[in-house]
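**Q** Sequence:
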Amino acid sequence: MIDFKKLIQPSFIFNYQPQTFTFFWYSVIIFSAMVLSAVTVAIFLKTQGKPYLEKLKSSIFSLLLWTGGFGLALTFFHWQAIPYLSMRFLFEILFLVFIVWLIFILKYLIFNFKKEKQDFNQRQRFEKYLPRAQSRSLPKK
Numbered sequence: 011m012i013d014f015k016k017l018i019q020p021s022f023i024f025n026y027q028p029q030t031f032t033f034f035w036y037s038v039i040i041f042s043a044m045v046l047s048a049v050t051v052a053i054f055l056k057t058q059g060k061p062y063l064e065k066l067k068s069s070i071f072s073l074l075l076w077t078g079g080f081g082l083a084l085t086f087f088h089w090q091a092i093p094y095l096s097m098r099f100l101f102e103i104l105f106l107v108f109i110v111w112l113i114f115i116l117k118y119l120i121f122n123f124k125k126e127k128q129d130f131n132q133r134q135r136f137e138k139y140l141p142r143a144q145s146r147s148l149p150k151k
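Just so it is clear: in the sequence shown, position 22 is 32 by the working numbering, and no numbers are missing.
In short, the hints are calculated from the structure, not lab data.
Please read these numbers as outputs of a predicted model, since none were measured by experiment.
A hint or two may mislead.
Stated by the list, open to error - Restraint-style ranges between C-beta atoms, simulated for each label pair:
1. 33 <-> 107: 11 to 21 Å
2. 59 <-> 113: 22 to 32 Å
3. 131 <-> 106: 30 to 40 Å
We put the beta carbon where it would ideally sit given N, CA and C, even for glycine.
Build out the structure end to end from the sequences listed, making use of the hints.
**A** The structure is reproduced here in structure tokens:
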């Protein structure tokens with residue numbers, strides 16, 4: 011059972027060399043899954059020249075890759091019992107950064123994504139009727 015009172019005590023949070031890590035494999039699996047999800051998003055999410063999807067894809071990719079990579083690094087530091095780099099405080103900061111970054115992505119999805127998609131579709135409809143530049147090749151005989 012997790013003792014939540016202990017989680018907010020400064021002596022527990024700022025201990026520069028914490029004790030053994032009981033959730034080691036869980037954190038390795040979670041952070042590795044984040045990195046693999048980032049790679050999967052980069053490979054399989056086709057944007058097909060749509061800038062609003064490209065912006066969403068790059069922000070999700072960055073979120074998963076950076077937090078997963080730093081999480082794996084912090085887990086390694088904790089496993090090796092490296093003082094100051096294995097502090098629980100760094101895990102909490104990483105979690106807060108993840109939450110804030112996720113809020114910004116959700117804010118973009120809720121407020122800006124639909125408008126950018128409509129603007130892009132409207133521009134596509136407008137450009138459909140504009141004349142295209144012709145190639146300057148010699149006429150065929």
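**Q** Hint by hint, say whether it matches the structure.
**A** How the hints compare with the structure:
no.: 1; hint: 33 <-> 107: 11 to 21 Å; in the structure: holds (19 Å)
no.: 2; hint: 59 <-> 113: 22 to 32 Å; in the structure: holds (28 Å)
no.: 3; hint: 131 <-> 106: 30 to 40 Å; in the structure: holds (37 Å)
Hint compliance for this structure: no hint is broken.
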